Structure formats: structure tokens, C-alpha cells
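S.K.: Guided by the hints, dock chain A onto chain L, whose structure is given.
Chains as they are written, first to last, in the numbering used here: chain L, 150 to 1055; chain A, 150 to 1055.
Calculated directly from the structure, the hints in this document are not laboratory data.
Fair warning: there could be bad hints in the mix.
Just so you know, same-sequence chains aren't split out, so a pair can sit in one copy or run between any two.
[What the hints assert, rightly or not] Computed cross-link-like contacts, BS3-like style, restricted to lysine-lysine with a CA-CA straight-line distance of at most 30 Å:
id	residue 1	residue 2
1	Lys693	Lys566
2	Lys999	Lys977
3	Lys939	Lys999
4	Lys537	Lys522
5	Lys893	Lys619
6	Lys999	Lys1054
7	Lys275	Lys221
8	Lys342	Lys485
9	Lys512	Lys275
10	Lys893	Lys994
11	Lys994	Lys896
12	Lys831	Lys814
13	Lys348	Lys167
14	Lys965	Lys764
15	Lys789	Lys874
Computed from a prediction, not measured in an experiment: that's the story for all the values here.
One letter stands for each residue in the lines below.
Number of protein chains: 2
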Amino acid sequence: MLEKNVYFFSKEDTDGNKNLKEVLGGKGANLAEMCNIGLPIPPGFTVTTDVCKIYYDNNKSYPETIKKEVEKNLKKVEELLGKKLGDPNDPLLVSVRSGAAVSMPGMMDTVLNLGLNDKSVEGLAKVSGNEWFAFDSYRRFIQMYGDVVLGMKPENDGDEDPFEGIIEDVKKEKKIELDTELSIDDLKSLIVKFKDAVKKVTGKDFPISPMEQLWGGIDAVFNSWNTDRAIYYRRLNQIPDDIGTAVNVQTMVYGNMGETSGTGVAFTRDAATGENLFTGEYLINAQGEDVVAGTRTPQQITKEGSLRWAKLQDVSEEERVSNFPSLEEAMPKMYKDLFEMQRKLEVYYKDMQDLEFTIQDGKMWILQTRSGKRTCASMIKIALDMVKEGMIDEKTAVLRVEPNKLDELLHPDFDKKAIDEAIVLTKGLPASPGAATGQIVFNADVAEEWADDGKETILVRTETSPEDLKGMNVAKGILTAKGGMTSHAAVVARGMGKCCVSGAGSIRINYKAKTLTIGEDVFKEGDWLSLNGTTGEVYKGKTKTIEPELSGNFGQLMELADKYTRMNVRTNADTPHDSEVARKFGAQGIGLCRTEHMFFEGDRIIAMREMILAKDEAGRIEALEKLLPIQRADFEGIFKAMHDLPVTVRLLDPPLHEFVPHDEKGQKEMAKVMGISIEEIKDKIESLSEVNPMLGHRGCRLGNTYPEITVMQARAIIEAALNLKKKGIKAIPEIMIPLIGTAKEFKMQEEIVRDTINTVFEERGEKMDYLVGTMIEIPRAALTADEVAKDAEFFSFGTNDLTQMTYGYSRDDAGKFLPIYIEKGLLKNDPFQVLDQTGVGQLVKMATEKGRSARSNLKIGICGEHGGEPSSVEFCDGVGMNYVSCSPYRVPIARLAAAQANIKKK
Amino acid sequence: MLEKNVYFFSKEDTDGNKNLKEVLGGKGANLAEMCNIGLPIPPGFTVTTDVCKIYYDNNKSYPETIKKEVEKNLKKVEELLGKKLGDPNDPLLVSVRSGAAVSMPGMMDTVLNLGLNDKSVEGLAKVSGNEWFAFDSYRRFIQMYGDVVLGMKPENDGDEDPFEGIIEDVKKEKKIELDTELSIDDLKSLIVKFKDAVKKVTGKDFPISPMEQLWGGIDAVFNSWNTDRAIYYRRLNQIPDDIGTAVNVQTMVYGNMGETSGTGVAFTRDAATGENLFTGEYLINAQGEDVVAGTRTPQQITKEGSLRWAKLQDVSEEERVSNFPSLEEAMPKMYKDLFEMQRKLEVYYKDMQDLEFTIQDGKMWILQTRSGKRTCASMIKIALDMVKEGMIDEKTAVLRVEPNKLDELLHPDFDKKAIDEAIVLTKGLPASPGAATGQIVFNADVAEEWADDGKETILVRTETSPEDLKGMNVAKGILTAKGGMTSHAAVVARGMGKCCVSGAGSIRINYKAKTLTIGEDVFKEGDWLSLNGTTGEVYKGKTKTIEPELSGNFGQLMELADKYTRMNVRTNADTPHDSEVARKFGAQGIGLCRTEHMFFEGDRIIAMREMILAKDEAGRIEALEKLLPIQRADFEGIFKAMHDLPVTVRLLDPPLHEFVPHDEKGQKEMAKVMGISIEEIKDKIESLSEVNPMLGHRGCRLGNTYPEITVMQARAIIEAALNLKKKGIKAIPEIMIPLIGTAKEFKMQEEIVRDTINTVFEERGEKMDYLVGTMIEIPRAALTADEVAKDAEFFSFGTNDLTQMTYGYSRDDAGKFLPIYIEKGLLKNDPFQVLDQTGVGQLVKMATEKGRSARSNLKIGICGEHGGEPSSVEFCDGVGMNYVSCSPYRVPIARLAAAQANIKKK
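Bound-form chain L, shown alone (with noise of 0.2 Å):
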């Protein structure tokens, strides 16, 4: 345990900075971070981190000392303020955020109000002059507590929050239907019964000592930390489950105490496009929770985004100006101060900023700011507008992208002319940029369910809440009918990059009976809907997209990368087709041409069988004569779209019984062709099955012990080179030999490929480069590497195979254990997805530094799906390959891996 494990904040006395957040979370960094720099922030404290693990340690309690640091921290703040925790005269209250040190946003819970009690609520009520603000703020507090400290919340998204029902019953009673129509006695009999309900569902008095509260609000926080969707979340983003939350114990400050008091939260630049624009929503006479739980209509922070919504919403400028004026024209002093500190906020984080603000009775506090998430073309648009505006240098620029979030912009957009004949159904908020097409469902789980059926869908919901979470994950699109563009749904699709339209308010969703109404159209669950994530539109059925294209600030946003990358980036490319859209996005060559694929288009799989159920060599070489023309001109294909480009074809590798016809008509077929009985078909395919065909006769085993196949690759793959060298076409083709265990193993096959490309090369009298290397796939392999790379000109690391045979998983059957191992947290990651570093990537190591030390020259790449991943390429960095290799859509992610992982090594 740390000596120091609370940390003060206040404008006058700060113990944190913004560097501290894995001790005190981003928010409680922050914090500290902006009393340093002058802004007006609400006193508090920030227990660590530390913390957090010490309370899961201990059983869920703490040691004396820590109970100290915080009494003594809170004694503090209340001489700065000459105010005390729950004093029924004037009582300091208090809020309880947690805050980790990545950011988790609307992931764990958050206790406002805390210090109220039946005594303190008067002194409120009295400082304050205002005693339904009060009384109302009692009500939350018992209510928010109830359901975050006390666990009243119900656990199904469908069932009724016990509070809730009271209202409603209420309300019911009394005929009113807002909340603020509640008199303060209507107020007053709720928190009776409010406090009734507590004692009922949980046996206990609801707590009136302030320090009692404020200790079940941290546990609360902490508990938080490992809800089902905290822990979910983090898998997701691939944030560790250990670095824990800290606590903000911080002052209240009321947005909610009438028409001079509001909240609000605003992005120092637009976060859906990355305009240098100031953007944000605020909301007259609430609390923050009002703002981002999308119940109110919220109101533009500027004029002119209020502007641009009411176009959006056809909403009259009338309406406009009274109902929904920006917070520019409302309370123009308030807007000026909020833009200066914004500014200042951005200049100094040198990044767009993310930041909730509260005014209380005219004065303007700033609660938060934080790195504001953005969707990938804002990404690149404000790192490439920085570099322009002197803000950052280059490769900060090119640090500022995250890879993987380039996948957004790799996905189809909706065809231009497919637009202009559309049906536009309805328009609401452009929330997170995109195209979807998919199947309408109502529920997120359902979204699960049919997604793993491999449908796509869009989830439409009134609103969306954290429970959602899954559900969005999986869905092409989100479609909600309330909430504005910093409502929960707005705000977790553009952390996902996934197209969401929100705020569609003439949408009408009938939960029960499964219907989606707009204007005169009802869908029903199941129907095609698509939205534009860009425009805000709903178009009605399936809509055409088109490829993407590295064009605009993403095309300058690779050359950048290219500038300071050291690897090389290739693709993993079977056909012309897939090369050259790989070509297109930057690839540098092929690092894995699987040959296997092409024998099952057409006819062709009718020699491969006859090849593959011959009954001896000679069968399977008159078989073999069949498939050389058709591989030849396969590879003159692949070496004409990849020309003056590196291309590493690998020999056939899977086992042969994939290749074979498993029903009786294909059977049949083969017993026609090849004049034998379907017995001796049977027969033979039977004796191919295998009962671990992953660990079987495959790979360079099939070479070994029928050489003929090798032969007929290599040839076919040297004559295709030297038909394109006759058409002044450069073909540079990298032969490489898969599944190796032994050195002996490759000896045998390179000698093979030798000697057959030099009878060619004898039959036609000319010559060419080329290479011959090795797949490391098989564990030995690696810890052999320093033998084989003595004949091997390069190695390519399939880490697909070589994951599955250093972890013993089999990736077709994984699925039986894999989610309950990351689940459980045995597993961080699916290690076929990321690169194991500590196991696997121990054999890669290894493997490149012996097989360097027997040929220093050693060309050495990857070709498994790792390749296209950001940690694993910056693994492979590391190491020293010379390149990556993955799939065509994943390369510009792989380019700019590379060039971060270069940058970030010097």
C-alpha cells in the first residue's frame, strides 16, 4: 500500500496533475489538472486508484488508514468551503463519480446528492431559498442511492425501477404528468415513500448519516467496477481488467436550481466530422443525467448548430427562439466563458476536448473534460488540422489514429445514385457517420441472437442504455427516436464507429407487438431498413453501397504513416481481384497466396479429386497434368495484378480429405469420371478422414510423400513467371513451403522445387530470380529455426496455426471454452485475434533471432491474422520483421500499426 492514496483538488490547493491518471483515473487527472490551470472546478478529493485493488484484496473493506486519508481529506474540503458533510443548517453535499483511467463512459455508477438527509434537506432548502429544489433533489438522492448503493435496480432492462412506479403512481393520482408539475408536499410524500420502499426491498432503514452515505456511495463505485457490463466493456476495448477505478468525491454544484441554472456537455470541435466547429448541448434547470439519458429534447450550445438542428428537425425558427435557443442566445455571458475556457481546455490538451459544464445560479463550473471520443474520420481530419494549425508535429498526428478505427472508413458507403433513388422514410440526428443496411429488431438481445445467425440488423430503440451495449456491438446500425447527438446512443456508436441515427422523433416503436411505425409505413421485426449515418435519412429497404477509397485526409493521413514506417505491409491475396484492391490500399506484395483455393472454382475440382483418389503415382500425376495449365494461368493472373511486387505463393497445404466430395452425388460423379465404383470412392475418402485434421497428413506432408504435387506447383508457378517475363511483366515470386517441422522436411522439399524449376528453366533456356522459404507454423519449427533457416531464404510466422498448436486450441472448436476463458478472464484476448506476446510470441522471437543468426540476411514477415492487428504489428516491429501481411481491407490498419509502432520505438 501507497503512503498517499487520496488526492485533493481545489483552486487553491491541488495535490494531482494530468499525469497521474492511472493513480487518479482521467476524470480525477483532470480535475486536478484544471485547478491547476486556473478553471473553475468544484473542491473534492480523488481516492486512488489503488485503492480500488486494495478494497478487492481486503474482502471489500479497507485498512483504518485509508478511512483516515478520506476523513481528512473531506474535512478539507468543508474548512474551504465552511460548509459540513450533511449540517442540517448549511450542508455540504456531495457527488460520488468513478473515474478509471481509461475512459469508460455511463459503465459504472455514479451517486449525486450524497449528505442529505431529513435534517440536511431543510438546511438546503433554507441556503438555497428554494425548498421544491430542495425537496426535489432529496428525492433523486434517496432514489439514486436506493437504486446504485442499495441495489434496487431491477436487473431486466423491462422491468419497472421500484422508484419509478411510485411516481408514476403519484403522478397518476395527482393527473400531472411532468415531474415538475410535483408540489412539495407531493415531493415531501415521496421520499416517505421512497424510504419505505428502501426499508421494504432491503430490511434496513435508508441510511441518515452522511458519512455512512458517503462510504456506501465509494463501495458503490468500486462495485461498479465489475458489473457484467463494466467487465464486458472492457473486453471489448481491450482495457485490463486489473488497473481498476478511482473515486471523485467532489462538491455539488446545482444546474437544476431554476432558469438561471443549466447543464450541459460540449466538444471543442465537431466530433462526427472533426470541423473546427464548438459544438455541444445543454439543458435550462437540470442535472447532468438529464442531458446524456436523452429524455429531454436538448438544447444547441451555438447558434449556429442550433441552426443547423432545427433545419435537421424542421423545426420553425419561431419555435426555434422559444423553445430551444442556444445557449449563445440564451445566456450569452454564460456562452462567452464556456467558449474561452473551451479553448483554453483544447490549446493546453493540444486534442479535441470532451467537457460537462453545470451553471449554477449564474455561475459557469466546469465538472469534467476528457480526450472526446470521435469517429475515425474526425480522427484524422483533427490530427491532420492540428499538424496544420502548428498544434501537434507530425508523428504525433500519426499517433493520434487509432488503427483499428480505420475500419469505419473501410466499410461501403451508400452508391451516390443508390441515394438519389431511395425512399427517404424519416430524418433524425447524423449521431455516428456510416451506412447500414440490415433486418429491423427492437431488442438487443434479439440483435445477439440473430447476429450470430449471421443476419445483419439494425436495433431501433426509443433510447438506448448500457444493457444495450451487446446488442449495438453487433448491430450494422442503431436507430433511436429520442435523444440528441450526446445521448447515449450518439455517443457509444461513435466510440464503436458504428452508423447511428438518433433522435428520430416521428418514429414510433411498439416494444410488444414488434413494430417500427413511420408516417403511414409500419415494419415489422425482420423488415430491411437502411440508415445514413452522414445525413441523419432512413431509407426504406436494402440500399446499394461501393467500395471505399483512400481518398481525401485518409489518403494524407497514409502517406503520413508511409513517412515514418519501417515494415513493410503486404496482403494475404488468393485471386487478381483481392490483389488489386490490396494494391489499391497500399500493399507491397503478397505475403500468403494460398493455392488451395483456386482448386475449387469450376471444373477444376474434378482433376483435383481425380488427383486426390488415384490409386497410385501415375494416376495422380495424368490428374496433376490437368491442373498445371489451370494453376499456371492462375498465377499469371496474381503476378500481373502484384507486377514488380514480391508474391509468396504457398504450396498446397490443407489436409486432401477438404478437397473430396462428402455427398453421394458428388460420388457418383467422381466414380463416373475416374471408371470406378463408388465403393472404392467411399473407400478412399473414408481412409483420407482424420480425427485431428489439423495435426494430420497436411501441409508440407502432402509434398513429402507425394512429391508430384510440389512438382507440378513449382511449375506451374516458374512457367507463369516466364510467360509474364515474355510480355515484359516482372513477376517476383517467393515459393514457399508450408508446415515445416523439421529442417529435413523443408531440405526435402526445396530440393524438389529446385530441381523442377531448373528443368524448366533448361527447357526454355532462360532464367529468373526467385526464392524459396518456409511458413513457421509449427512450434518446432521455431525452436528449430536456426537448422531450417539454413536453407530457407525467408520465413513467414503463420501465427494462426502455430496460436493453435502452442496453446493446444483448436480454432474450430475453441468456441466451446474461448468466451467462458475470457469471460472468467483466463484469457485477456482471443488469441487468435491478438498476438499471444508472452507464449507465441516467445516462439517468434526466438524463431527470428536463431533463424538470423544462421542467415543474417533472413527476410521475415507474418501472414497470419495477426498481421492486420495493431498490438501484434507492433509486436512484429519489435522483433525487427521486415513486413506484416494481411487481409486487403485491413492494410491501410496495418500501415498505420506500423508507422506507430516505429515511432513509438525511438
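M.R.: Coordinates of chain A only, in the frame set by chain L:
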């Protein structure tokens, strides 16, 4: 290339000595050594094994320098003897023989009488004064040279040698039966016919140039290094392919120069029993090949041996003295010389020698000495006797016994009572001891086929040849009609530790009809016979066998081994019976007790299936409660059998799919038991099936996804141990978590185990010691062993799975390519039998070092099948393991191997 490639040897001047086996081969080194110690050796020279490598590397030719060295050495022989190779007046004649560093008897080629041609044969006739002998030698030379050098030997076993055909024709024409009855003219005409045959088959004249003959002979020996049978023999005996053979060119001496000449083979002690008795066989007026080929009935060397032989063969004393006198009786002077020489050799080499001698016209020549092949029983007896005689020390005695040979003594022997009751059909020579019962076959290929089908066979042949090697290897026993104690069948069988009865003269074999006639009885292929290799008896039908015991010499050897060992030897046993057997063989604990085998017996499989097919945790727990008392009782039995010794219990390991019923009947039964539909059962079973079960949901992945299974097993283990404690029996349980790939996986299982055990301790109010450790069988566990060892108290290497994953070989499927890989030399051994020290061993070593770096007293063992394989045991000793564990019947082998490893290390 080295400077010296040819080594001269003669009584006067010798280049080599016995320590140069790797260079000169065993035969060459011993010839040199015998010259050094003054024995009568015909002079000659040895072409080194390096030249064999050069020959193959050089496209089967020699550099000029080597040719010159051979010529120089030949000249030296010529000068020493005053004769010239092929001289028409007094020709020098030589033999050309193979000789690798490791003895491969009968596997390679030999050419005798080299240097003869139409002219020199006249010289030989003149000098020897024996024209018949000279022309017979010439005839033999053409035949042998034709077969061996010119490749005229028929490839298939059944096909007739072209030369033999010619001889048979002549004999038929002349109406004679024996070769010795041929007249000089007959021989001369045979020579003409032989040369015609050579011309006809090869298209070339028989070479008359002695130098051409010599190089042909040398080539032939080198070529015979890579015949199929030589390669097969090397695989069988794990002899590397790259050591090559030397070639010995030696002056001919003749045992076929009449009644004062002879040739024979002798052992300094009895090779079958180990008794300190000089034994051996010889033939008068014969060349060496005649003795081992088994075509003439050889005579005994000693009188004592001769009397014994006559008794066994029912030969009357009168007949024995006149037709089969011993050398001791027939040539007392020669016998005395030989007796003295054999003593000299044994004392000098300090080991039992197998020597070849030739008597040429009353002079004794030694042609070869080598360490004699022997049965395991004699190996042990000789080693122990030599310790008693003061010839060797105890450590040397321990090193003298090949651990794998102990297997012979660990096979069942005939029950004494069963022997008394057995019907003795006939009696042959007790050529190689042991008990064999099997179905008779008459052809080595059939023996192989039948063995593949799992049948036990007795191979019955008139006599055996090197071509029968594979069949002999798979047969349970060998019965021959011809051939003595030094015949091919006898020597090879003893080398293999295979039961063999040779020279059973009264049996008649009809290969065509596939029948064996013994007296009145006619046996067909597939009929059952039993062989007693210790007495030479042949019994009708099957004969009952009994378990072996560690008594007498065997027990003494084991005690000696334990005196010099460091590692413990445990056993892999799942039942009290196996535990008892292993304990009897000296097991010092159980290294692997697989719990899953226990679930298959009787009704318990039903409860196991209920557990697996249960639809939720509650259902599983209910079924596990039924299994608990069963498991507990099982453990009580095993702990009791292994009282006071540690028992490593592995928790459930195999995929659950292995336990469920795959037949309709079993599925119906389960549906009835569980009260659900058969469709539900089928669905569940289907959902359990896996593409690669080896890499699927098994091992600790079961315990981590269904913790209740681990809870039940931990409880059963500790309750069993506590129950025994009450009875005063000490159990030492070591609980082993299988298939760990990450430290967290271990930790989670360990916590479940410890929590469960603590609960039991609390319930019972008593405690006891136990360990929790893990199996290291996944490459990743080895790579991260330091992390794993933080919590694990012991490691046990599961080298079966570790080999599967390190090589990427499925044991179930590798049969498709492993044999081909071994045949092609891609693998030296089956890595599932002999631990791959380079690859898998690297992980074992790494894990041992990393594990001990985290926990210095980490107990480490091996429980894969390699734990009973001598070279692997030596490796385990080298890396510092605490114990090896193997199947009960391999425990003595492992004990001896462990002792040898420790002795060699020092």
C-alpha cells in the same frame, strides 16, 4: 577429406586399434587390435567409413588420392606375402567385407576369393596342389561376384539364383547330389557356363582384371550400405544412416582346402544362457559362409557341447563320434590354439566375444572378433559373473546390459504345470530362449500382414535369410528346420530377444501347400503352436503363460542399478492391480493415475453420461454426487496398493465426447435413464463432437468451465486419503491439473481444489499433506513455466501431448505419413517412442529451468510414454528431473536406464 583413408593391418605393422571403430568399423578396428596383441590375422587393409561418405557425396566415385592409397596398401600386402593380386603363378587372393561402427550382421555384402581369373586359377591350383579346390574357388567367386557386384541376385525371395540353376542342371545331368561330387571338369564347364550367364544378363564379359574386380568389390560393399534391408535394420536398431561402413580387404585363407582345413564360429561364453562355457560350431573343409548359412549341419567345438547337442538331437554317440565329432576331438591341437586365443580375447576385451576362425591346412587364423550378441538373461549373467570374476566393476556391469533388452525378461514365460501337460511335438535347438504361442505362417510377408491385423504368429521356415528380417521382427517366435545355434535364425533371434527353436530336423515344410508336418500331424497356416526357446521344445496348440518376476540375476542387477541411480522411477497405473505389479517391479510411486479410465467400468458410465448430458450445472452436480463414492472407492484401492508412496492423480482429461454413447441402443438407454427424448440426447452428443478433439474442450478446460467436476474429484481424492489414514494407511496424494496453457488456468483449478479440500478438512476436523501441481504438455505451458511454477508444486511432463503439439502431429493420424517419413530418413525415430531431444526436449529443458527459477524445489517428472525409453530417460536425468514414470512392465527398464544415465554422467 582426411589425409589418411586406408589403414593397414598385419602382425608386423598395423595402423589402427580398437578405439577407431567409428573410422574403421567394428570389424576393421578389431582386426587391427588383434594384430596388435599378436593373434594370427591374415594381413590386409581397411578403407575407412569416411570413404563411404565421400563415395556417396561424390556421385558414387572416388577421388584419385583415395585410389592411390588403396593401391599403396595393396602393394604393401603383396610385398609382405611376396604374392601379387591375380598373379598367374602364385596369386594373392583377397576377401572384401563390410564393417560399420555398429555391428549389422548379415546385412551387407561380402566378396570372397577375389583376384581369380582364368590364369590365376591355374597358379592357385599349382601352389595349393589342389586343382579341385582352385576351380571350386573360382566357380564360387564368379557366382558371388555375379550376385553381389554385378547385381545378378534375384530380387524376390522365391526366384532362383541364375548360378544355382546352372549348378542344379549340371547335377541333374550328372545324377549327383552334392556340390563336392562335381568333378574338376564339371567345375570348369560350370565356370564357362557362369561366364556366359554373366554376359547374357549384364551384357558384359566377366571382369578378368584383378584391380577391376577389387574396385567392383569395394563399390559393392559401399552400395550394400543402402539396400532396403540394411536401412530397415538400421531403423529397427536405431543406427544412424550417416555413419557409413568401412571396407576390409584381407588376404584369403581357406577352410576348404581339405580335411586338415575348416572354419567356424565360437563364443567365449554361452550366448543363450550366459554360462561361462566356451561354445561354438565348425565345419571341416568349408568356407565361412557354409557355417552361418545353415545348409550343412555344423559340429560343436567342445566335446561337452557336442555331447549336449547329440542328446538334444537324439543322435547316438556312435553317430556323433563318426559324423559329428567336436573340434576338441577331431583336431586337438587346433582346439588348444583356439581355446587359448578365445581366452586371450575375452580377457583382453573384458567381454564375451563372438569370433570367426578358419583353419587352413593345419594353421589357425582368426578372421573376426566382436562383442557377442546375447539374450538378455545371458547379458545379465555374464555382467554379474564378470564382476564376481573381478574382470569388470559394478558400474561397468550396469552399463553392460541394454535396458530395452530387459523387455525379454518381462514377458510371460510358460507356466511350469502347463509345460508338463503340453503335447511335445518335436525338439529343436534352444536357439533363443523365451515362450512363444502363435499361429503358424510360412512366409515373412504373411507374418507382417497378420501382425498388422493384430494376430500373433510363429514364423516357420526351413532356414531364414536376411530378407526375412521384418517378418521375424513381428512374429512371436521362429521355428526353423535347418541351421544350428549360430545360424542366421538363431543369431538374429537372440539379437531381437525373440524366442527361436532352430534346426528342428524332424519337421517338414511344404511352402506351396502351406503345411508343416511333424510326425503324423499336419498343421496348416493359421494353426496354433507354442515354442519353448529355453528347451527347444515345440508344443501343440496354445500353452498357458505366467507373469515374470524380478528374481535371481535380474533382481541382483536391479539392486546394483539402484545403487548407482539418482532419479526415482514411478509408474503410470490406474488400478490397484497395475499398481501392485509396478510396485513388485520396483516402482517408487505413481507418476500418472488417469481418473477417466475409472469411469468406463460397469454402471458408472451411466452416471458419467448423466453428468455429461445434463442440461445445466444442477443436473451435473446431481450426477457427480453418484460418481463421488465410486471415485472415492477407486482412490482408496490405489492409495492402499501404493501406501507410503506418492500417487499423482490427474483430474479428468479427455473430451467428454469420448464418454457418450455413439450407438442407438446406448442413446435410448440414456434417454430412458434421464427421462428425456432421444433427440435431445442426440443433439447434445452432436454438440459435443469436435473437429480436432485433441485441441478441443478437454483437460483443465473442462474443470474451468465445469468447476463442479473438479470439486467432486478433489473431494473424492482427499476423502479417500483421509479414510485410509483412519485405518493407519498412509496415502500421499499429488493432485495434477492437466493441459495447462496459462498460469491463470492452473491458478483457477488450484483454488477450486484447495477450497474443496479445506472444506473437507473442516467437515472432518482433520488435515493431511498433499500437493497440487500440473502436467506440462502444451508448448505454451513450457514457454511460461516460470509463471506456472509460482503456484504449481510439481511439474510432470506429458510428453505424448507435448510431442503432438510441438510437431503438430496427431498420434491418431500420423500413421499416414510417419512411416514414410522414417523410411525416407526425414525422421530418425518415431518421436512418440523416442523423445525428440532437439525440439520437444528443448521445451522440456526450458520448462525445467524456468520452473526451478521460480520455485527452486519444484518436483519434476515425466509421465509420457518416453518415461520408459532408455535414451529419453537419459535425457530426463540430464535435465535434472526427480523421476520418470512409465508403464508397470517398463519400470525395470527405466530403473536400469536411469542408473546408466547417472553413471555415464559422472
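S.K.: At most 30 Å between C-alpha atoms: does Lys537 with Lys522 qualify within a copy, between copies, both, or neither?
M.R.: Intra 21 Å, inter 88 Å, cutoff 30 Å: intra-copy only.
S.K.: Have a look at Lys348 and Lys167 and pick one of within, between, both or neither, based on CA distance no larger than 30 Å.
M.R.: Intra 43 Å, inter 99 Å, cutoff 30 Å: neither.
S.K.: At most 30 Å between CA atoms: does that hold for Lys342 and Lys485 within a copy, between copies, both, or neither?
M.R.: neither (43 Å within a copy, 123 Å between copies)
S.K.: Between copies, within a copy, both or neither: which fits Lys999 and Lys977 at Cα up to 30 Å?
M.R.: Both ways: Lys999 and Lys977 sit 29 Å apart in one copy and 23 Å across, limit 30 Å.
S.K.: Please work out whether the CA atoms of Lys939 and Lys999 approach to 30 Å or closer within one copy, between two copies, in both situations, or in neither?
M.R.: both (10 Å within a copy, 29 Å between copies)
S.K.: Is it within, between, both, or neither for Lys831 and Lys814, if the alpha carbons may be no more than 30 Å apart?
M.R.: both (12 Å within a copy, 26 Å between copies)
S.K.: Indicate which option fits the pair Lys994, Lys896 if close means a Cα-Cα distance not exceeding 30 Å: within, between, both or neither.
M.R.: both (23 Å within a copy, 27 Å between copies)
S.K.: As a check of your reading, is Lys512 near Lys275 (CA-CA no more than 30 Å) within one copy, between copies, both or neither?
M.R.: Within one copy, since 20 Å is at most 30 Å while 136 Å is not.
S.K.: Checking an output row: Lys893 and Lys994, CA cutoff 30 Å. Within, between, both or neither?
M.R.: Both ways: Lys893 and Lys994 sit 22 Å apart in one copy and 23 Å across, limit 30 Å.
S.K.: Classify it for me, Lys275 with Lys221: is the Cα-Cα distance of at most 30 Å met within a copy, between copies, both or neither?
M.R.: within (28 Å within a copy, 125 Å between copies)
S.K.: Can you give me the call for Lys999 and Lys1054, within, between, both or neither, at a CA distance of at most 30 Å?
M.R.: both (23 Å within a copy, 29 Å between copies)
S.K.: If the cut is 30 Å between Cα atoms, do Lys693 and Lys566 qualify within a copy, between copies, both or neither?
M.R.: Only inside one copy: Lys693 and Lys566 sit 9 Å apart there, 90 Å across copies, limit 30 Å.
Violated hints, listed in ascending order, are 8 and 13; each of the other numbered hints is respected by the structure.
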